[in-house]
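All chains should be built: construct the whole structure from the sequences, respecting the hints.
Protein chains: 2
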Amino acid sequence: MILIKIGGGENINTEYICEDIATLVQKSEKDVIIHGANFVRDELAEKLNIPTKIITSPSGVASVFTNENAIDVFLMSYAGLVNKKLVAKLLKYGVNAVGLSGVDGRLLQARKRDAIYGVENGKTKLITNSLTGKVEKVNGELLRLLINAGYVAVLCPPAISSENEILNIDNDFASAILAGELGIEKIVMLFEAPGMLEDAKDENTLIKNIKKEELGEYLQFAKGRMKKKILGAAKSFALGVRQIYLGDGRVRNPIVNLLEGNGTIIE
Amino acid sequence: MILIKIGGGENINTEYICEDIATLVQKSEKDVIIHGANFVRDELAEKLNIPTKIITSPSGVASVFTNENAIDVFLMSYAGLVNKKLVAKLLKYGVNAVGLSGVDGRLLQARKRDAIYGVENGKTKLITNSLTGKVEKVNGELLRLLINAGYVAVLCPPAISSENEILNIDNDFASAILAGELGIEKIVMLFEAPGMLEDAKDENTLIKNIKKEELGEYLQFAKGRMKKKILGAAKSFALGVRQIYLGDGRVRNPIVNLLEGNGTIIE
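Listed in order, the protein sequences are those of chains A and B. Numbering-wise (the numbering used here), the first sequence opens with residue 4 and increments by one. Numbering-wise (the numbering used here), the second sequence opens with residue 4 and increments by one.
Note that these hints are calculated values from the structure, not bench results.
Identical copies look the same in the list; a pair holds intra-copy or inter-copy alike.
Here are the simulated DSSO-like cross-link-like pairs (lysine-lysine), alpha carbons at most 30 Å apart as the crow flies:
| hint | residue 1 | residue 2 |
| --- | --- | --- |
| 1 | K115 | K95 |
| 2 | K226 | K238 |
| 3 | K128 | K50 |
| 4 | K56 | K95 |
| 5 | K238 | K189 |
| 6 | K137 | K95 |
| 7 | K115 | K92 |
| 8 | K189 | K92 |
| 9 | K88 | K140 |
| 10 | K50 | K226 |
| 11 | K33 | K230 |
| 12 | K92 | K50 |
| 13 | K211 | K226 |
Here you go:
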């Protein structure tokens with residue numbers, strides 16, 4: 004079984020991705036999909052005049068400040084628009100897809116963060132009212148029920164807390180917990196770059212191989228969202244994952260190419 | 004098993020409804036839920052400057068004109084915002100809810116209408132570009148899989164065509180096909196009135212009992228959305244439903260009260 008994580012960037016080509024997932028499914032490879040939707044979310048938030056506010060932690064990790072309005076935008080873009088269009092596209096390619104958010108059947112259960120530190124204009128502030136959480140538990144029973152019946156689950160945030168609050172979560176960390184619960188050994192991550200780059204601005208600086216023991220070093224150089232990917236990767240290996248493939252979600256045959264080595268492999 | 008249809012009006016109290024569903028579930032009564040979201044949809048459409056356009060057929064049946072923008076608003080409001088908040092509320096009351104749209108696993112498969120007739124300023128026009136369909140098939144296998152595992156399915160439009168177009172559908176007609184597929188004999192419909200009224204403007208004109216044979220007569224007097232409810236009811240009886248309860252979704256214990264006779268019973 005492969006966990007395929009589809010980034011939510013503007014130029015991600017879901018048509019190519021769905022075509023490739025259909026090829027995997029035809030080869031009897033079971034897949035679980037988790038996706039983002041940040042471009043669509045930001046666009047919708049802008050239109051509704053609720054702009055996305057990014058918080059950067061003192062260690063440089065970026066996350067979204069989430070109030071109730073932001074949760075609404077989250078539900079509309081992730082669980083509504085992007086999830087269902089992805090499901091329809093997979094159905095078109097013959098993949099028996101079912102879309103679920105982390106709320107459904109407590110699929111992704113998270114613990115609410117009491118407080119997070121954010122740096123603003125050089126000052127560290129304590130932020131206590133963000134509806135943000137960390138996934139602790141996955142409803143593997145529900146996922147196995149669907150997978151064993153031949154469905155491909157298409158998952159997305161938000162998650163839900165044990166106190167039934169709908170929470171924004173880090174998708175990379177959620178992927179790690181998900182892989183752990185389902186005993187998945189391979190994760191494929193598709194985003195808007197050919198893989199992990201030494202210089203984020205230069206696509207010719209692709210890092211082809213990373214040993215999982217080296218992740219700590221890379222964490223020092225990584226910026227913003229890439230930091231979360233590395234932290235998520237480290238957690239994934241701790242939970243039994245053996246290979247993580249990072250690659251380009253904009254090109255034709257993105258998954259097949261990536262599994263053949265065109266991208267970054269962490270192992 | 005009871006099919007509970009929750010209307011999408013502004014004053015529907017989902018807190019009361021979810022509390023009542025929890026009571027039914029505790030009594031080992033299995034439920035399937037289908038909901039609307041028209042108030043939230045219209046509000047969102049207004050904010051995004053894509054106002055909802057109503058088409059009235061020559062026989063007086065009202066429906067929504069649906070282009071691609073309207074489908075997006077549909078997905079955001081029905082499958083995103085309203086579905087997931089309803090699921091979270093049910094989880095809060097201890098109901099193991101899973102939300103799915105008609106797109107997921109082809110749950111509601113519809114046939115696209117090639118053309119519909121609409122009356123505008125007294126003139127009948129042929130409208131050929133509306134993404135509207137009629138549900139023909141329900142994925143009962145997926146629903147039974149979830150129900151037998153103890154989950155309560157929370158369903159909503161849109162549906163999907165065999166050509167993989169996402170389509171707006173009539174929820175009352177979909178409920179009939181759904182009840183037929185699952186062999187459901189009781190449908191509970193909650194909306195913003197104490198039941199079917201002789202005079203839509205006077206809540207003291209409640210019709211307590213309607214014989215299914217009389218539905219044809221009521222169709223002549225019913226207006227707008229109520230026409231669809233009657234057409235949906237007639238289809239439901241044709242597919243094996245034995246009782247339809249129509250009642251108030253704004254009051255405490257809406258379902259328990261309705262099953263005890265406070266509302267309209269068609270049988």
